[in-house]
Amino acid sequence: MGILWLLAFSFLKIGFFGFGGGFAMIPLMHDLAVVQNQWLTNSQFSTAIALGQVTPGPVAISATFIGYKVAGIMGALVSTLAIFLPSLAVMFLLDKFYLKIQNSQITQSIMHGMLPIMVGLILSVSISLGKPAVHSIWQSVLIIVVMVLALKKRLNYGFLILGSMVTGILFTLYS
Amino acid sequence: MEMHDHQEQNVTWREVALVYLKIGTIGFGGGYAVLDLIHCELVEKQHWLTEQGYLEMLSLAQMAPGALTVNILSGIAFRLGGMKTMLIATTALILPSFFVILLLAGLFFTWQHNPILIGAMAGLTAGVVGLMLAVVWKLARRLPQRWYYYASGAVAFLLSFFSGVNPIWLVLLGGMSGAAKLFAQKAYINKNAQ
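The listed protein sequences correspond, in order, to chains D and W. Note that the first sequence covers residues 3 to 177 in this note's numbering. Note that the second sequence covers residues 5 to 198 in this note's numbering.
By construction, these hints were calculated from the structure, which means they are not laboratory data. Worth double-checking, as some hints may not be accurate.
Stated by the list, open to error - Mimicking DSSO-like on lysine-lysine, the simulated pairs with C-alpha atoms at most 30 Å apart in a straight line are:
hint: 1; chain 1: D; residue 1: Lys-98; chain 2: W; residue 2: Lys-26
hint: 2; chain 1: D; residue 1: Lys-15; chain 2: D; residue 2: Lys-98
hint: 3; chain 1: D; residue 1: Lys-133; chain 2: W; residue 2: Lys-142
hint: 4; chain 1: W; residue 1: Lys-190; chain 2: D; residue 2: Lys-155
hint: 5; chain 1: D; residue 1: Lys-155; chain 2: D; residue 2: Lys-133
To be verified - Distance windows between CB atoms, simulated:
hint: 6; chain 1: D; residue 1: Gln-110; chain 2: W; residue 2: Trp-141; range: 18 to 24 Å
hint: 7; chain 1: D; residue 1: Gln-110; chain 2: W; residue 2: Asn-194; range: 17 to 23 Å
hint: 8; chain 1: D; residue 1: Leu-175; chain 2: W; residue 2: Trp-141; range: 29 to 35 Å
hint: 9; chain 1: D; residue 1: Ser-106; chain 2: W; residue 2: Lys-195; range: 21 to 27 Å
hint: 10; chain 1: W; residue 1: Lys-49; chain 2: D; residue 2: Tyr-176; range: 41 to 47 Å
hint: 11; chain 1: D; residue 1: Ser-106; chain 2: W; residue 2: Asn-196; range: 19 to 25 Å
hint: 12; chain 1: W; residue 1: Thr-114; chain 2: D; residue 2: Lys-133; range: 24 to 30 Å
hint: 13; chain 1: W; residue 1: Thr-29; chain 2: D; residue 2: Ile-75; range: 17 to 23 Å
hint: 14; chain 1: D; residue 1: Tyr-176; chain 2: W; residue 2: Arg-146; range: 37 to 43 Å
hint: 15; chain 1: D; residue 1: Arg-156; chain 2: W; residue 2: Asn-194; range: 42 to 48 Å
Claimed, not checked - Examples of chain W residues toward chain D, derived with CB under 8 Å:
hint: 16; residue: Gly-31
hint: 17; residue: Gly-70
hint: 18; residue: Asn-75
hint: 19; residue: Thr-94
hint: 20; residue: Ile-98
hint: 21; residue: Phe-102
hint: 22; residue: Leu-108
hint: 23; residue: Leu-111
hint: 24; residue: Pro-119
hint: 25; residue: Gly-123
hint: 26; residue: Thr-129
hint: 27; residue: Gly-131
hint: 28; residue: Met-136
hint: 29; residue: Ala-138
hint: 30; residue: Lys-185
hint: 31; residue: Ala-188
Using N, Cα and C, we set each Cβ at its ideal position, and we do this for glycine too.
So here's chain D without its partners, still in its complex pose:
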């Protein structure tokens, strides 16, 4: 029972503080699942994020993967509900108080204060994930190729991850 409460509480917190889009939740999930609790290894965590990209739906669905690893189907269910609930609650409140909040200076300032933090946090996690797992030149090249394709060609993230998996299989089996 205790573990389900921990999952619910932790993912609710992550849901409330993931400002700046789905990717902003990645550092918070990494801190919970890898750094604080060692529920997942770094490469299992990367898999959780990658599967969140190749399945339909948002990246926050990686919480389902983490919850499943920790406490089976019930863990998956609780984690999924907990990570999405804050979005609904905040959208409900924003809709109620829209006219007051819209373009208000204080909201803008708080958002502008949080955005650079998210940039720093995502950069930090991407290095934490890459450092223990990237050993070969083809992986370094792949990182740059994916980054450039995501930025310049606006390719679908799901296709980029699928392509990376296929590349990984080919290089591992034939080298």
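We have chain D; now place chain W onto it with these hints.
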């Protein structure tokens, strides 16, 4: 303007849930790819909201925490039919990916020592890192161009990478520093005006 009235649209929760189930099934890749799909389904096909209503909802969704697509869709569902529609439709949206990822997680933990999966993981880690760096670049370009924002991003990076501070504290501190900066600026302007 009609979007402010919940009763204006005669849409049942079943219709909304069905369209959301479709978006949740084919909305693959996340982010802006799915935003195009949402616009096409809800504005162009169903006419559930006007272009202006859509843009308004998009700006609200950007203020809320979490996935942009879930935010915008739950907000639209709330305006279409209140709390009940919001809860049911958002569940319908997430359900397909929930089941797919559960299935994949089960397969992954059974086969994770298989050489093909190990190869796939070596590739996908590089892919995930590449995507995250692309997101870092995109978000950094959205920052207002002031030394202050770059400095606070750099501090957050150093603290998180080298000392493992809980990132939620850093997010809270960032929000508070943004508010403090506003008050300081206002105080400064008032002082100069006197």
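Against the structure, the hints come out as follows:
no. : hint                                 : in the structure
1   : D:Lys-98 with W:Lys-26               : holds (28 Å)
2   : D:Lys-15 with D:Lys-98               : holds (22 Å)
3   : D:Lys-133 with W:Lys-142             : holds (22 Å)
4   : W:Lys-190 with D:Lys-155             : violated (42 Å)
5   : D:Lys-155 with D:Lys-133             : holds (26 Å)
6   : D:Gln-110 with W:Trp-141: 18 to 24 Å : holds (23 Å)
7   : D:Gln-110 with W:Asn-194: 17 to 23 Å : holds (19 Å)
8   : D:Leu-175 with W:Trp-141: 29 to 35 Å : holds (32 Å)
9   : D:Ser-106 with W:Lys-195: 21 to 27 Å : holds (23 Å)
10  : W:Lys-49 with D:Tyr-176: 41 to 47 Å  : holds (46 Å)
11  : D:Ser-106 with W:Asn-196: 19 to 25 Å : holds (23 Å)
12  : W:Thr-114 with D:Lys-133: 24 to 30 Å : holds (28 Å)
13  : W:Thr-29 with D:Ile-75: 17 to 23 Å   : holds (21 Å)
14  : D:Tyr-176 with W:Arg-146: 37 to 43 Å : holds (41 Å)
15  : D:Arg-156 with W:Asn-194: 42 to 48 Å : holds (45 Å)
16  : Gly-31                               : holds (5 Å)
17  : Gly-70                               : holds (4 Å)
18  : Asn-75                               : holds (5 Å)
19  : Thr-94                               : holds (6 Å)
20  : Ile-98                               : holds (6 Å)
21  : Phe-102                              : holds (6 Å)
22  : Leu-108                              : holds (5 Å)
23  : Leu-111                              : violated (10 Å)
24  : Pro-119                              : holds (7 Å)
25  : Gly-123                              : holds (3 Å)
26  : Thr-129                              : holds (4 Å)
27  : Gly-131                              : holds (3 Å)
28  : Met-136                              : holds (4 Å)
29  : Ala-138                              : holds (4 Å)
30  : Lys-185                              : holds (6 Å)
31  : Ala-188                              : violated (10 Å)
Hint violations for this structure: numbers 4, 23, 31, all remaining hints satisfied.
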